[in-house]
Structures are given as structure tokens and as C-alpha cells.
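*Asks:* Quick mapping for you: the protein sequence lines, in order, are chains A and B. Sequential numbering of the first sequence, starting at 1, is according to the working numbering. Sequential numbering of the second sequence, starting at 1001, is according to the working numbering.
Treat the hints with caution; some may be incorrect.
Unchecked claim - These stretches of chain A come out as covered by chain B in the derived footprint (C-beta under 8 Å, 3 or more residues):
hint	region
1	67-80
2	116-130
3	141-155
4	192-202
5	336-346
What the hints assert, rightly or not - Not the full set, but computed from the structure, chain A residues with beta-carbon under 8 Å of chain B:
hint	residue
6	A100
7	V263
8	L278
9	T285
10	H286
11	V288
12	A319
13	L321
14	N322
15	T323
16	S324
17	A325
18	L328
19	L331
20	Q333
21	R351
To be clear, the hints were calculated from the coordinates, so they are not data collected in a lab. All of these numbers come straight from a predicted model, not from anything done at the bench. Here a beta-carbon is modelled for each residue, glycine too, at the ideal position from N, C-alpha and C.
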Amino acid sequence: MTYITKPRLHHPSLEANKVGYTRRDYEGKISTLCAGCGHDSISAAIIQACWELDIEPHRVAKLSGIGCSSKTPDYFLGASHGFNTVHGRMPSVLTGANLANRDLLYLGVSGDGDSASIGLGQFAHAMRRGVNMVYIVENNGVYGLTKGQFSATADRGSKSKKGVLNSDSAIDLIGMALQLGATYVGRGFSGDKAQLVPLIKGAIRHGGAAFIDVISPCVAFNNHAGSTKSYDYVREHNEAVSRIDFISSRDELTTTYAPGEVVEVEQHDGMVLRLRKLHEGYDPTHRVAAMNFVQERQAQGEVVTGLLYVEPDATDLHAALNTSARPLNALGQEALCPGVAALDRLNASLR
Amino acid sequence: MKQIEAINDFVIKFANVNGSGSASANELFAKAILRMGVPVSPRNIFPSNIQGLPTWYEVRVSEQGWLGRRGGIDMMVAMNPQTWDADVAEIEPGGYLFYDSTRALPPSKFRDDIHVIGMPLTEICNAVYTDPRQRQLFKNIVYVGALSVLLEIEPAVIEKLFGEQYKGKEKLLASNVQALHLGRDFASEHLKAPLGIRVRRADRVGDSIFVDGNSAAALGCVYGGATVAAWYPITPSSSVAEAFQKYCGKYRVDPATGQNHYAIVQAEDEIASIGMVVGAGWNGARAFTATSGPGVSLMTEFIGLAYFAEIPVTIINVQRGGPSTGMPTRTQQADLLACAYASHGDTKHVLLFPEDPTECFEHAAAALDLADRLQTPVFVMTDLDIGMNQRLCAPFAWDEARELDRGKVMTAQELEAGRDFGRYKDVDGDGIPWRTLPGTHPTKGSYFTRGTTRNAYAQYSERGPDYIYNVERLLRKFATAATLVPQPVLRAASCKTRLGVIYFGSTSPAMHEALEVLTGQGIHLDALRLRAFPFPASVRDFLDAHDEVFVVEQNRDAQMHSLLVNELEVDPARLVRVLHFDGTPITARFIAGAITQQVHAEVVKPRSRKSREKVA
């Protein structure tokens, strides 16, 4: 866990976004992860996405579990409240926090050990409940903090740094998220920031449970030959289904891509996701097709990335519970306490 | 043969088969007596099973208002062949056995010292009803009808209760009234009535209400401002969340928008339940969960986090028989140590001990205030006996001027005004730091919450002095808690005595009766009812003022005794254990018997050999 604060000085000409913050305002403390760790690239992508979306840093709540990935919320959005919960149980804490105040943006950061092993149950139930959040798994297939044990996402047949062969099947969190009802599902690669930033932006503006699995190689314990979560392996086997661009509805719409099949998906708040399909016929709004496609390619050893599924008009847990538009943590006594007269009537009914 | 003669003072027990539909008929019986102005205290004794196993409903009728179990049965309504022998054996000599005489039983199945009343219930129902389920269900109403004749319960009162229960369902109302009169007609024509035990209209109920503790606790959560409830079904606590849902539906829906001023989630397990409560508490909503012993076990990692990270959490623990799955549908007070010190490392938690549904209401609301004020987990330690049984108790009361205590939450204005914010800084000397809520201020007051150690400004730190500062501050906070929790209630003996007794929670009604019994025997005790842990200073004063103090509790290992010894460093020899732990609610008879035995043993204590030799 880091405790090194970055100096606040920055160049006066740094560009500010529409809410007056520079990119530096979205940074956190200095990372103590290994040099070259994919997780730091994901932190940088989160910073970039929040800055570009003009999100006020203090209106974000960032929550995590335990592990290398779960340390990262300390390294971005220093002006936000953060919560390093317990191993694998970030989703429930985030759910409770979200119920308390629906007005904040909830970023849940987790790892493959955190989400696919001890926290698999909580991951599953947060997805099926449709908690409005961005749930990012920084997936390296290995336990870094305890020095190199396989995690549940390590592929069968892949090798550990010590040369041990993994005989267990891998848990595919993407497949699970699709099956469980997540309404925004994407996979990124920490080595492809150009793809990852818009993927995160789309997730932030999504109105339901958004899940992004980011392959994020562990340079210390899982970046060797035989690993299927190494930089080299993913670069060689990455197959993107789409290039995604996120367009603010306030901006003039421009097309930066070459002519071809382009799909525009309007998010719940009017923002637009523009997808340039790299695969003929890939429909990002068809859940079953997405599941099939990912499974097929996976069987061939390919790592499918991009926005795999989106339900543009998704709703969330608050909608299901018909919760008040005013955050529950802001309701005053008058809205909460039924008062003496109601109690007297109740007493009378119990005699 | 002796015949028990008693008006408005007897115990009747119904032995039924789970799933036979007897519960509502038995409750109807109890309520009818209550409506005649006579206090009753019913208890469900049921198996961990949906259908087929034995279940009992014991009703104590007591004009004096004793609400604890007395012990002994004056009349048994024996409807379960499976438990016949044990049920018959339980009847006090001179008592009454009421049974379904459709099938003849050999004389060996009866006792000579009890009065047997047979009624062919099955035959009567089979003659009137064709539907098998109706035959079964109405058998229960038929025996209530017969009992109303035998015990002189006014039929009009029962009919009125039917009217309330089946309002708008005229067909059901008519068929129930018909069954009631089937029973009454048979009893009037064929049975000798009234019995030696009977009911006479009185005026001893006053404005008391009749409610179960789980509903009361749920209502306390509504009045106490809880907006987030996360729970996982577990007996005997499930009806807390279900009642919260019901009351919220009634009181917490915004009439203008139709939107809910609450959120209730049935989580996937107890771990997720408490996780949601931790998240909501961290983010400034009042949140609670309701569970029982095994649930608390699963929650302990999060409870430790909430303790160390200092997050308000309210847990209503409706205790049941342990250890492990133990006796899931029986009562105990056996989670005291597990809750007081839940989780690893050095942890201490606030526990509240309501004695009845009224206090379940009050303590649930108080727990939410205390959790916010102290920024820590607070347990409301009820049990199955209070939680799932309807109890006659004082009406719920609420002070209109009362305001929710949100505790030390620093606002954006205070931060803007330059007030120093150190999340774990003891600014006021009471061990309680200030906190900010997420989203409060653009540049000030944000911090990182974690279970790992940190300094007063919430920055990660493994420095020994920083750690010690925090954990010693938590002890200061615990000492502050002792001044804020509900204080103990003293019941002084009518004369000066060197003997004291300490008790708490659902033991209360049996204890009050036992004290009177003991006084009648010349044994005088000052009694202190504990209402919370940490123990306020008056608990030590009480212990200091007595040579010997009985500690009455419903567990095997004398857990409250251990807490007293451990926390107050009192000499264990001065605390005498009175322990009841068979899963049934403790009785006045048991308490009085155990204390009498101990006191007499002391009076006739054999002299030591040395003193005997001296005499010789």
C-alpha cells in the first residue's frame, strides 16, 4: 500500500476540462506497484476517462477488495473517497454505498483473485442485481501479492513462473457477466489504452451494471513464455470486435473512422457510443450472440476485446427498488420517522 | 381426585403436528382471553421443520400479569399421537387432559391423577366437512369452541376476532363461526363444564399491546431512520426484515412521487448482507441487518473491518440455540461472547439487551443512533423467545421532539471554513473521530478507508505509535459508549441484603416472578437488569455493594459471567452462575429453585474439619 503523495505542483498551462480540472487533478498517490505493471496503465486510463468526461473527482466513490489491483484506487482520483474493503467483498460494500447515495459515480476495482475466487459469489450477484457501477477486473491470472500462485482465471495448460502447469479450467468472467445479466460488458487490454479509455468512458455513462475485464499482465509473476496473460501472448492473440469511440451529446458529432459498418448506441443519458465493427455481422446488442462469439474465439485461443455487449436502455437496482430520487442518505427526519400519531394508531391495532 | 382450581391463573399447552394449521387457532385462543382483559403469555415451541414434526403452543394465563414461563402444565390439549406419552406426563397432578377420542386408547395411555376429557374431533369434522384439508383445519377451531365452553371464554369475543381476521372474506368468516359452534355445541351437550380452571373477565390488560419482538425491532428501525436493510433469511430473525418491508410499505412511500424512502435487499448470504450495511453506513445512510448466530459467524470479518475502519453498522441478532446449527428453532442467550468480541485481533462491540418487544423497538432505534454516534457496530441482542413470540408489553412510545443523532459528520461548510479534518483524530477527547461522507467537498475532507492500520489522518502507516494511538483511542471510545448506552435498571429488595442478582434480556419476566417467589421464602435480593455492554459504572457499583451476586443467563458456559469477570475484573467467586440452556425459555420456577438451593446450601454449609476438631 502506497503512502507516497505526489507533489501538487504542475505546469500552469495544463489544459482544464469543462468543470475546471486538469488531468493532474484526477491523479492519486504514487503507485508502489512493480514498474511496468498493467494495473498502472488501467489507472491511467481511468484518469483519462474521468477527465475527458468532465467528472468532478469528489463525486466519485472508488471501492476495491484486497490485492494488487485493489491497491490501485489509491493511485487515481485523490480527491475521491476510497474504500479498500475485504478480500473479494467489494461488490456488496459498493452495493450498499450505491443504495445510500445514488448521485455518485461508483468505480469498483478488483482483481482476478479477488473476483473470480473468494469473491465470485459477490461478483455474480452484483451483476444480476444491476448495480449502477463500473466494475473493472484487472486480470493477470496470478496472485501477485502472495508471489505467483495461479488464480481462477489462469487458463488450463498455462504455466506459472516456476514452471508448474495449471490443470484447472479457467473462469471466464466475461462469459459469466453476460450470462448473469450485466448490461455493459467489455474486455480490454492494459497494453491498448486507445481501446481501453473509450471502453471505460462508455461504462461510466452506462445506466446499469457495467463490467470490464482488462487483461493486465503481471510483470513480476506472469509475463513469461507459457503464460496466456503475458503482454506477448495477448498482443499475438488479441482479436478486437470493435473500435469504440465515446461521443458527448454536447459535442458536434464527427466521424473519425473510415467508411464501413459503424453502429451508434445511445446511452441512457444521451451520450453516444460509436462502434466501428471490425467483425462483419457482430451485433453488440445481442447477448446470446456475444456469448457464443466469445466462447468460440476463446476455444481457438483468441482473446476477444472491445465492447462485447451493451443494453442501451438498461436500468439499475434503484429502478428495481423504486428508490427515491433524492439520495437515501440525504433524507431528513420528516421523510423517515412516521411520528407519534402513526404510532398511536399502530398501538391501537395491536390491542 | 384432586382437581386444579384456578381462575385466570393457569397454563394450557397445545400439542400439535407442524403444518396442521393449528397455529392460527391457538393464537385465536390466546387473543380471546386477552380481549377478556386477562393477561396471557403464549410461546411457540416448534421444530426446525415445515411439516410433520411436533409443535407446541403454551399459553400462560395470569391475572397477576406474570409473562414469563411458569413451568408445569395445568391443561394439555393433546393433538399429536407422536408425543402423547411425554405430553400426558407433563400435566400437573389434578390437571386436565383434552384429547381427540375418535379412536379409543387403552387405559395405560392415561394417568389416574389427571382429569381426562375426550371429544371425537375427527369424527365430528368428518361428518360435517368433505374436503380433507377442511377436516384438518376446522378440527382446530372445533377444539377452540369446546375449550371456550370448558374454560368459560366468551364466544362473542372469538366471533369478533374472526370478524377482524376475515374482514371482507364473508365465506371464510361464516365457516369459522360454524366450526366454533360445532365445538361449543358438542361441549355443552356432552362434557362437564366448566372445569376447575377457567377464565373470568377482568381489567388487567390496560393499554398494553400484544406484539412480537421481531416486528417491534423492525418498527424501531423505521422510527430510528434506517433506510437500507440487507439481510439473508435465517430463523428466528427473518421476520425482522419482513416486518421492516411491511412497515416501510406503509410509512415510507413518498405520497407525492410514489417512490420509496428505503431500500431492502435480500442478499445472497450473510457476508453480502453485512457488506451492504457497511457500504451504506460508510456512505451516510442508516443501515441494518438482522440475523442469528450462524449469520454473525459469517459476518465477523466485516464486523472487524467496521470496528477498525469505524463505520456505523446495526446488527439485530435474534439468538437461537447453538453451537453450530444447534437448535435453530429454540431459544438461548448464547452469542454474547461471539458478538462482544466478534472478529480477530482486539475488538470490542456494543451490545444492547432488550427485555421485551417494547424495548426491541426502543433499542433498535437507539442502536441506529449509537452506531452513528460511535461510528461502530452495535448489536441488538434479542432472542427467539422475544423475537418470535407475541408478548404483552407497554405500548410503543416516541418523543416527537426526538431527533436522529447523526454523530460527528463534518459538512462542506465546516471544511470550507478551514476546520481541521483528520479522519481518525480524537478532537473531542471521547475517542470518537469526525468523518466526512463521500462527495462532500471538491478538495477537502476526502480520505481512504481501509482495514489496514493508519495514522490520525487516515494515511496508511505501519508505525507502532500510530497503531497504538488508534487502538487506544478505540478503547476510549468504548469507555464513552458505556456512558451513552441504555443504563441498567435496579430493582431494590424491600430490605437491606448482601445478595444480588444480575439478569438481562428475555429472562426478565421470569426473573420478576422469581423475585417475588423468593421474597415469599424470605430470600431478599437486589436485582440489576443489564441493558447493555460495555457495562456502565453502576454495574461495578452494584457488584461492590453485594457479597454474592447470582448471574442468571440462558447458556451453558455462563457467558455474561465471563464478560463481567473479564471486563470488570471482579472476583469470580462472588458471582454465582444460574444457567438454563435446554432451548426452552427460562421459568420462574427454575430461577427460584436454583437460587433457593444455593442459599440453603450456604446456610447449612458443613463446618471445616479444623473447626469440628476444635469443638471435639
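*Asks:* Going through the numbered hints above, which ones does this structure break? Give me the numbers in ascending order.
*Replies:* Of the numbered hints, 3, 4, 7, 8, 9, 10, 11 and 12 do not hold.
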